[in-house]
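Protein sequence lines, in the order shown, are assigned to chains B and A. Start counting the first sequence at 258; every next residue gets the next number (the working numbering). Start counting the second sequence at 258; every next residue gets the next number (the working numbering).
Just so you know, not all the hints are guaranteed correct.
To be verified - Facing chain A, from chain B, some residues (calculated, C-beta under 10 Å):
1. Cys-280
2. Ile-308
3. Leu-353
4. Phe-364
5. Asp-375
6. Lys-463
7. Gly-569
8. Ser-570
9. Asp-631
10. Glu-632
11. Met-636
12. Glu-640
Stated by the list, open to error - Calculated pairs, DSS-like style, for lysine-lysine (alpha carbon to alpha carbon, straight line, at most 27 Å):
13. Lys-608/B <-> Lys-514/B
14. Lys-460/A <-> Lys-419/B
15. Lys-419/A <-> Lys-463/B
16. Lys-586/B <-> Lys-608/B
17. Lys-514/A <-> Lys-360/A
18. Lys-419/A <-> Lys-419/B
19. Lys-419/A <-> Lys-460/A
20. Lys-360/B <-> Lys-463/B
21. Lys-608/A <-> Lys-630/A
22. Lys-463/A <-> Lys-451/A
23. Lys-586/A <-> Lys-290/A
24. Lys-419/A <-> Lys-460/B
25. Lys-360/B <-> Lys-451/B
26. Lys-463/A <-> Lys-419/B
27. Lys-463/B <-> Lys-419/B
Hint data in this document are derived by calculation from the structure and do not stem from the laboratory. What you are looking at is a predicted structure, and each value in this text was computed from that prediction instead of being measured. All residues carry an ideal CB built from backbone N, CA and C; glycine is no exception.
2 protein chains.
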Amino acid sequence: MAADQRGKAATLALRRRLLSNSCRLFFPEDPIKIVRGQGQYMYDEQGAEYIDCINNVAHVGHCHPLVVQAAHEQNQVLNTNSRYLHDNIVDYAQRLSETLPEKLCVFYFLNSGSEANDLALRLARQYTGHWDVVVLDHAYHGHLSSLIDISPYKFRDLDGQKEWVHVAPLPDTYRGPYREDHPNPAVAYASEVKRVVSSAQEKGRKIAAFFAESLPSVGGQIIPPAGYFPEVAGHIRRAGGVFVADEIQVGFGRVGKHFWAFQLQGEDFVPDIVTMGKSIGNGHPVACVATTQAVARAFEATGVEYFNTFGGSPVSCAVGLAVLDVLEKEQLQAHAACVGSFLMELLGQQKAKHPILGDIRGVGLFIGVDLIKDEATRMPATEEADYVVSRLKENYILLSTDGPGRNVLKFKPRCVSAWTTTTRGSKARRHPDR
Amino acid sequence: MAADQRGKAATLALRRRLLSNSCRLFFPEDPIKIVRGQGQYMYDEQGAEYIDCINNVAHVGHCHPLVVQAAHEQNQVLNTNSRYLHDNIVDYAQRLSETLPEKLCVFYFLNSGSEANDLALRLARQYTGHWDVVVLDHAYHGHLSSLIDISPYKFRDLDGQKEWVHVAPLPDTYRGPYREDHPNPAVAYASEVKRVVSSAQEKGRKIAAFFAESLPSVGGQIIPPAGYFPEVAGHIRRAGGVFVADEIQVGFGRVGKHFWAFQLQGEDFVPDIVTMGKSIGNGHPVACVATTQAVARAFEATGVEYFNTFGGSPVSCAVGLAVLDVLEKEQLQAHAACVGSFLMELLGQQKAKHPILGDIRGVGLFIGVDLIKDEATRMPATEEADYVVSRLKENYILLSTDGPGRNVLKFKPRCVSAWTTTTRGSKARRHPDR
Numbered sequence: 258m259a260a261d262q263r264g265k266a267a268t269l270a271l272r273r274r275l276l277s278n279s280c281r282l283f284f285p286e287d288p289i290k291i292v293r294g295q296g297q298y299m300y301d302e303q304g305a306e307y308i309d310c311i312n313n314v315a316h317v318g319h320c321h322p323l324v325v326q327a328a329h330e331q332n333q334v335l336n337t338n339s340r341y342l343h344d345n346i347v348d349y350a351q352r353l354s355e356t357l358p359e360k361l362c363v364f365y366f367l368n369s370g371s372e373a374n375d376l377a378l379r380l381a382r383q384y385t386g387h388w389d390v391v392v393l394d395h396a397y398h399g400h401l402s403s404l405i406d407i408s409p410y411k412f413r414d415l416d417g418q419k420e421w422v423h424v425a426p427l428p429d430t431y432r433g434p435y436r437e438d439h440p441n442p443a444v445a446y447a448s449e450v451k452r453v454v455s456s457a458q459e460k461g462r463k464i465a466a467f468f469a470e471s472l473p474s475v476g477g478q479i480i481p482p483a484g485y486f487p488e489v490a491g492h493i494r495r496a497g498g499v500f501v502a503d504e505i506q507v508g509f510g511r512v513g514k515h516f517w518a519f520q521l522q523g524e525d526f527v528p529d530i531v532t533m534g535k536s537i538g539n540g541h542p543v544a545c546v547a548t549t550q551a552v553a554r555a556f557e558a559t560g561v562e563y564f565n566t567f568g569g570s571p572v573s574c575a576v577g578l579a580v581l582d583v584l585e586k587e588q589l590q591a592h593a594a595c596v597g598s599f600l601m602e603l604l605g606q607q608k609a610k611h612p613i614l615g616d617i618r619g620v621g622l623f624i625g626v627d628l629i630k631d632e633a634t635r636m637p638a639t640e641e642a643d644y645v646v647s648r649l650k651e652n653y654i655l656l657s658t659d660g661p662g663r664n665v666l667k668f669k670p671r672c673v674s675a676w677t678t679t680t681r682g683s684k685a686r687r688h689p690d691r
Numbered sequence: 258m259a260a261d262q263r264g265k266a267a268t269l270a271l272r273r274r275l276l277s278n279s280c281r282l283f284f285p286e287d288p289i290k291i292v293r294g295q296g297q298y299m300y301d302e303q304g305a306e307y308i309d310c311i312n313n314v315a316h317v318g319h320c321h322p323l324v325v326q327a328a329h330e331q332n333q334v335l336n337t338n339s340r341y342l343h344d345n346i347v348d349y350a351q352r353l354s355e356t357l358p359e360k361l362c363v364f365y366f367l368n369s370g371s372e373a374n375d376l377a378l379r380l381a382r383q384y385t386g387h388w389d390v391v392v393l394d395h396a397y398h399g400h401l402s403s404l405i406d407i408s409p410y411k412f413r414d415l416d417g418q419k420e421w422v423h424v425a426p427l428p429d430t431y432r433g434p435y436r437e438d439h440p441n442p443a444v445a446y447a448s449e450v451k452r453v454v455s456s457a458q459e460k461g462r463k464i465a466a467f468f469a470e471s472l473p474s475v476g477g478q479i480i481p482p483a484g485y486f487p488e489v490a491g492h493i494r495r496a497g498g499v500f501v502a503d504e505i506q507v508g509f510g511r512v513g514k515h516f517w518a519f520q521l522q523g524e525d526f527v528p529d530i531v532t533m534g535k536s537i538g539n540g541h542p543v544a545c546v547a548t549t550q551a552v553a554r555a556f557e558a559t560g561v562e563y564f565n566t567f568g569g570s571p572v573s574c575a576v577g578l579a580v581l582d583v584l585e586k587e588q589l590q591a592h593a594a595c596v597g598s599f600l601m602e603l604l605g606q607q608k609a610k611h612p613i614l615g616d617i618r619g620v621g622l623f624i625g626v627d628l629i630k631d632e633a634t635r636m637p638a639t640e641e642a643d644y645v646v647s648r649l650k651e652n653y654i655l656l657s658t659d660g661p662g663r664n665v666l667k668f669k670p671r672c673v674s675a676w677t678t679t680t681r682g683s684k685a686r687r688h689p690d691r
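In isolation and in its complexed conformation, chain B is listed as follows (with noise of 0.2 Å):
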């Protein structure tokens, strides 16, 4: 490998010819070629030090010690599939079931968030006998062709929306029908669910489940009002639908309160199925889904087997393990919440100051700047989040934008610990000469 003698512009030309342009690079008029990763931080080929607010995937880190060498010490003794006996796979299935309801208490293991959230469509259809979906307005589910169908946020941009796919306003109490001053905003929101359900039957259709995840991220970081999901479910299941929590991005305690981000609508509250990706490897392809024993019975009873070819082997099991150690051990959850607070404290000061910060929702590190034209129409400052966005990048800040808009600001950064605090500054240049 050419990794430290080749020049950005080198790469960047066989990029261009060797990969599709459909695979967008960040900063596309000046993209960034990273070399190195350590706790929240990145380091370009120059040396430059970069704080990583935009990725969500390294959740404890990147190239966090305990979750190499884990990975390492698995890969040295075996990685096979799933089809022999193995501690880490019932390890990893049990430590995973302390941290949810008990009824959520099945587990398959995959790849991909994608390849979790298409497995939790084959679930719910074959567990109620229904097809029809129910999903939230500018929700993503994953680049899988029936994930797309299921993604207003795509499908809008392609072939449309299928007959079986049903659309529910967004939750959001800042920007949709029902907001702060509502004195329900959960069960009207939900009202509008149980609505889009109806106007499904009234032609014959049947709903197989509701998807949403438990904070809608793409959708521009919405934080639904607590009650809205029971609600949801009680409408959904009383049509024959099952729950499905997508927390790809928010669980494993980035919320900090809670592990789980569906645990904000209340400690009662138990989807059907909850699916996990992302976080859940630290970067490693590691997929999960989470149902009761009736949905996985019916599954079963089809007689046809699910096998994932490198789902549960002992390295992706092993390095899942050491995520939730480090998470543990490092006390991340309570440091979510804790440096998410600080946060907000922050920007709520800025707040005061700038009419154009509009809304700072969050919760944990789950945050979102939602930039205004004007108090009045809260009419999206697209360009103006844009520019924050880029400026940002010069001071060696990455932070992404979301949101129907492209005009909130969109903190997802690691549930970093002390170990990494202290690397800042001691092998980086800061601000290097280029």
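Let chain B serve as the given structure and place chain A on it in line with the hints.
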């Protein structure tokens, strides 16, 4: 982890409680607990050594030290997504392009063969503007919703055949309609595809793609007659569709004579899309789609991004590069040809003695032994094949069956080399007391 302490029965009990029964074990009546792998061998918790002829994933041998080291070195430095410039992804695309016909020059990286085939389906549909797919009978292309739909091996047991899926007969010259005595089975089987296409077109359907494993494996280790693919590609392209070669099980030198199995079909034959998985990362979740500029550009023209969180990460690509290095350095393609020929010769000697061995077919280390009740009917000897596999297991040899009759002994061992053959017996007891 308690890998060395927990007994097999305890692991099995935990597995039954926590994992779905849809995820099946090999030898379910007496599953094996595997704790270590090296080269072509796997070792159970008692130290018994098994020779592994099932697992086609650990292509260059279980835990190959150079591959393990490459993963570890990169894991320590950086593992992030492909939205930043990095040399590994372009180096890897370049190395893969050197193994392929010049026209296949655009690469997408993913985590699994299933993700690769799903993307191939999206590419084909976008490029052609058509929706329908022609597949071979008994084919299996992956575990995702979209791929169950194009896998007769799966959909026959589930929801049945979708109206956009059209099934052509397997080009099986041993048991199909055109056999070894036919003057031109390649053209005859291809004309069956033409017939299927015409019949679909008469119903107003439009063909987006023909999908086939270059050597149909689940179909029973079938070796299509040379010239079949170019003929089929002609029919498919005239219908406005593209040819997708699924090399997930059979690529990367396994067939010995060529690096890719589709090259057995004629030096000039070039598919429009090639999908890769399994062996590509020797157990690490890596997959790839290679296609032409024309197909890639049509997909780009939608303006919709394709982003795969883990696909093409510096670690995945470092592993992929290391696998290519080992294949070259240890001349494993030539080794597959040599060991495969030797095995075919030994099996041929057995065939002369045992009439149950109906057909022995193979190329490189992709070999099938078709067990039959009698030569006149060629009826599959299913129970006998089961018995052989079970007796082999008692003798510490792991083999599986495949084919619609589950009567084909399927050899798909690692393309192992000299470094591993010396370890046998040194660290393990061959027949431990138990």
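Exercise for review: Let me know if the C-beta of Leu-353/B comes in closer than 10 Å to any C-beta of chain A, holds or violated.
Suggested key: It holds, given that the least Cβ distance between Leu-353/B and chain A is near 9 Å, below 10 Å.
Review point. Given the hinted pair Lys-463/B and Lys-419/B, is their alpha-carbon gap at most 27 Å?
Key: Holds, because 14 Å separates the two Cα atoms, which is no more than 27 Å.
**Study point:** Pair hint Lys-460/A and Lys-419/B, alpha-carbon separation not exceeding 27 Å
**Key:** Holds, because 22 Å separates the two Cα atoms, which is no more than 27 Å.
Review point. Minimum Cβ distance from Asp-631/B to chain A below 10 Å?
Key: Because about 30 Å separates Asp-631/B from the closest Cβ in chain A, which is outside the 10 Å limit, the hint is violated.
Practice item. With a cut-off of 27 Å on the C-alpha distance, tell me whether Lys-586/A and Lys-290/A pass. Key: Not OK: Lys-586/A and Lys-290/A at ~33 Å, beyond 27 Å, violated.
Point to revise | Closest C-beta approach of Glu-632/B to chain A relative to 10 Å, hint status | key: At 32 Å from the nearest chain A Cβ, Glu-632/B fails the 10 Å test, so the hint is violated.
Check your understanding: With a cut-off of 10 Å, does the beta carbon of Asp-375/B approach a beta carbon of chain A closely enough for the hint to hold?
Key -> holds (5 Å)
Check your understanding: Taken at face value, is the distance from the CA of Lys-360/A to the CA of Lys-514/A at most 27 Å?
Key -> holds (21 Å)
Point to revise | Hint consistency between Lys-608/A and Lys-630/A [alpha-carbon to alpha-carbon, up to 27 Å] | key: holds (14 Å)
Point to revise | 27 Å limit on alpha-carbon distance, applied to hinted pair Lys-586/B and Lys-608/B | key: Between Lys-586/B and Lys-608/B the Cα gap is close to 35 Å, so the pair fails against 27 Å, i.e. violated.
Exercise for review: Would you settle whether the hint for Gly-569/B is holds or violated, based on the nearest Cβ-Cβ distance to chain A being less than 10 Å?
Suggested key: holds (8 Å)
Review point. Is Lys-463/A close enough to Lys-451/A, meaning Cα to Cα at most 27 Å?
Key: holds (13 Å)
Checked against the numbered hints above, the structure violates hints 2, 6, 9, 10, 11, 12, 16 and 23; every other hint is satisfied.
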